[in-house]
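So the protein lines, in turn, are chains A and B.
Take any residue in the first sequence, note its place counting from 1, add 5, and you have its number in this note's numbering.
Take any residue in the second sequence, note its place counting from 1, add 109, and you have its number in this note's numbering.
Don't read these hints as lab results, they were simulated from the structure.
Mixed in with the good hints there might be a few duds.
What the hints assert, rightly or not - Derived list of chain A stretches under chain B, where covered just means 3 residues or more per stretch with a C-beta under 8 Å from a C-beta of chain B: (1) 69-81; (2) 107-116.
Unchecked claim - Pairwise CB distance ranges, derived in the manner of DEER restraints: (3) B:Ile128 with A:Glu45: 29 to 39 Å; (4) B:Gly129 with A:Arg246: 35 to 45 Å; (5) A:Asp174 with B:Phe248: 21 to 31 Å; (6) A:Thr178 with B:Ile128: 49 to 59 Å; (7) A:Met25 with B:Gly141: 48 to 58 Å; (8) A:Gly30 with B:Phe276: 26 to 36 Å; (9) B:Lys310 with A:Gly30: 51 to 61 Å; (10) A:Glu153 with B:Gly129: 54 to 64 Å.
Claimed, not checked - Looking from chain B toward chain A, a few residues come up when the C-beta cut is under 10 Å (computed): (11) Gly147; (12) Asn234; (13) Leu242; (14) Phe255.
We put the beta carbon where it would ideally sit given N, CA and C, even for glycine.
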Amino acid sequence: MSNLSKKATISDRRRFISLMAQSIGLSALGGMIWTGYIQEAKSAPLILRPPGAKNELDFLRMCIKCGQCALACPYDTLNIAKPGDNMPVGTPYFIPREIPCYMCTDIPCVPVCPTGALDESSVSKVEDGRTVLEIKKAKMGLAVVDEESCIAFWGIQCDACYRACPLLDEAITLEYKRNTRTGKHAYLVPKVISDVCTGCGLCERACVTKKAAIFVLPREVSQGDLGDHYIKGWDKADEKRLKNVSTEVTTQTTRSEKTPQDYLNDDGGLFNNE
Amino acid sequence: MSNLWKNYRFLALRRFVQIGLLFLYFSANAYGFKILTGTLSSSNLFQAIPLSDPFALLQMFSAGAILSMDVLIGGFIILVFYMSIGGRAFCSWVCPINMVTDTANWLRRKLYLDKIEKKVWLSKNVRYWVFGLALVLSFLSGVAAFEMVSPIAMLHRGIVFGMGMGFAAVLCLFLFDLFAVKNGWCGHLCPLGAFYSLVSKQNVLVVKHNQPNCTLCMKCKDVCPEKQVLAIVGKRSGDVVFGECTKCGRCIEVCEDDALSFGVRDYINKNG
Chain A
6 MSNLSKKATI
16 SDRRRFISLM
26 AQSIGLSALG
36 GMIWTGYIQE
46 AKSAPLILRP
56 PGAKNELDFL
66 RMCIKCGQCA
76 LACPYDTLNI
86 AKPGDNMPVG
96 TPYFIPREIP
106 CYMCTDIPCV
116 PVCPTGALDE
126 SSVSKVEDGR
136 TVLEIKKAKM
146 GLAVVDEESC
156 IAFWGIQCDA
166 CYRACPLLDE
176 AITLEYKRNT
186 RTGKHAYLVP
196 KVISDVCTGC
206 GLCERACVTK
216 KAAIFVLPRE
226 VSQGDLGDHY
236 IKGWDKADEK
246 RLKNVSTEVT
256 TQTTRSEKTP
266 QDYLNDDGGL
276 FNNE
Chain B
110 MSNLWKNYRF
120 LALRRFVQIG
130 LLFLYFSANA
140 YGFKILTGTL
150 SSSNLFQAIP
160 LSDPFALLQM
170 FSAGAILSMD
180 VLIGGFIILV
190 FYMSIGGRAF
200 CSWVCPINMV
210 TDTANWLRRK
220 LYLDKIEKKV
230 WLSKNVRYWV
240 FGLALVLSFL
250 SGVAAFEMVS
260 PIAMLHRGIV
270 FGMGMGFAAV
280 LCLFLFDLFA
290 VKNGWCGHLC
300 PLGAFYSLVS
310 KQNVLVVKHN
320 QPNCTLCMKC
330 KDVCPEKQVL
340 AIVGKRSGDV
350 VFGECTKCGR
360 CIEVCEDDAL
370 SFGVRDYINK
380 NG
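Modelling step: build the complete structure from the supplied sequences, incorporating the hints.
Structure representation (C-alpha cells):
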C-alpha cells in the first residue's frame, strides 16, 4: 500500500481511520455547540402561541416555520419570531398588550397550518353531527391578576378588564366584597375563571394601569399542579380524578417505617434537643 | 448589447426567478396577493398546491413529529421536481443566500483574495457531515435542528416578515465567504445543498461538454462554484453528472467556444 506514494508514511487504512476519527470528533464538537444553542433557544418560557397550538415541546417539534398563520391573521396579532427576539426563530407568537387575539369565530390562523402544529381538533366541537370551529375552546394562556397593582383591589371602581373580555361574565367575573376601610363601599374585584379563559389578552390590552395588572401567561407558567395527594372530598366529580391512582408508597424514608402517631410526636432527632 | 445578454443570460434569468419568488412571498404578507404564501420551509401556491422543504420534513421526522398529509404531499412535489428535473437548481435559482454568497465571491475576485489564499482548509465533504449531524441532532433535541439556525430561512423570513437581528447572521456568512473560505457556505457547509446534491444524481437537466470545441481557457472553472464537477472539461465530451452541480449556467455563459451547453442527460451512453 504505502509504496504507491513516496510521501505516504502511514497506510491507507490508518489514514482512513484517522480521518474518520477527526471527522467524528469535529462533528461531536460542532454538535455540542449546536445543541447548546438549540436548548437555550427552546427554553424561553414566556411565549404565547396561536389558538390550537400543541403543548410547547410538541409545537416546536411540528412547527415548520412557514408563517402562514401570521399571514392569515386579520388583525396582525401574530408575529414571527426574529433573531434577537429571544424565542425560537421563525415560530409564531403574540404580545397581548400590543395586539391581543380577537378570537375570530372562523379562526383563520389554524386551518392554514400545514403540519398540524396548530391542531384544528383542539378548537373544534361537534354540532348537529358536523364538526365546527369553536374558538372558546382555545387555551392560548391564562389571565392572572396582580392584586397589588390592580386598582379594583384598592376599592376604586374599575371594570375595564371585565368589560373587555369577549366571554363577558364567563371568563372574568366581578366579586363583591365589603370595604372595611370606608365602611360603606364595596370592592368589585375581577376574578379569572381559569377553565373558561382562553388567554386572548383583551383584558391585558384594556387594563388602565401603566403596566397591566392583569396579564396573560402561558398555562404551564401560570398554573400549578395538584397532583394526586389532595382531593375535594365533598365533590363527586373531583373524587373521580383519583379513581386510577396507584396506592403504592413511592418515597421510603426511615420515617415511613413508623406509624403516623410516632412520627408526629417525635421530630426524629431533627433539632437535636436532649 | 446582445453580447451582454449572451454573457449573462442565465445569471439574469436566475436573479429574475430568485427576486420574483421573493417578491411573491413578500407581497403575500405586505399586499395580500395570495399567489405564493408562506416561506421556503412550507408554502402554498394559489392557495391550493402545498409545497414543503423535504429536508425540513426529514429533520422533523427525525425529531419525532407526526407529519400531516399536507406537508408530505408538498415535500413530495418539491423532492420529485428536483430529483427528476432540476437537480441542485434550488441553490442557484431559488435560494436567497445565493445572492449573498455570489456577491462575496464576486468581491473576492475583484479584491484578488483568491490569489493570496494558499490553501482551502475546509473540505467540500464537511457539508455531508453537517447534513448527517442535522438529522442526529434533530433526533436528540426533538426539534428540526438546522431549521433553528438556518441562515437561508432567516434571510427568507426576514425579507417576508422582518429581519430583526437576522441581518447579523447573513453578514457573518457574507464575511465568512468573502474572507475565510471561497464558497465557504454554499460549497462546504450548507446541509440543504448537501441534501439536494445527494438526491439529484439522476436528474434530467445537465451541463454538456463538447470537448473538440474546448480551447482549455479554463474560464468555466474560474467561475464555477463547484469546480470539481467540471472534471471532464478539456478531457472528453459528455455530461456533467455530479449532483453537486447547481445548474447555475455560469460556465456556459463564460465559454466563448461553445463547448458547454444545457441539455438532457444521456442515460444510455454514460461516457458520451
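The hints, checked one at a time:
| no. | hint | result |
| --- | --- | --- |
| 1 | 69-81 | holds (count 7) |
| 2 | 107-116 | violated (count 0) |
| 3 | B:Ile128 with A:Glu45: 29 to 39 Å | holds, 35 Å |
| 4 | B:Gly129 with A:Arg246: 35 to 45 Å | violated, 58 Å |
| 5 | A:Asp174 with B:Phe248: 21 to 31 Å | violated, 49 Å |
| 6 | A:Thr178 with B:Ile128: 49 to 59 Å | holds, 55 Å |
| 7 | A:Met25 with B:Gly141: 48 to 58 Å | holds, 53 Å |
| 8 | A:Gly30 with B:Phe276: 26 to 36 Å | holds, 33 Å |
| 9 | B:Lys310 with A:Gly30: 51 to 61 Å | violated, 29 Å |
| 10 | A:Glu153 with B:Gly129: 54 to 64 Å | holds, 56 Å |
| 11 | Gly147 | holds, 4 Å |
| 12 | Asn234 | holds, 8 Å |
| 13 | Leu242 | holds, 5 Å |
| 14 | Phe255 | holds, 9 Å |
Going through the hint list in order, the structure does not satisfy hints 2, 4, 5, 9.
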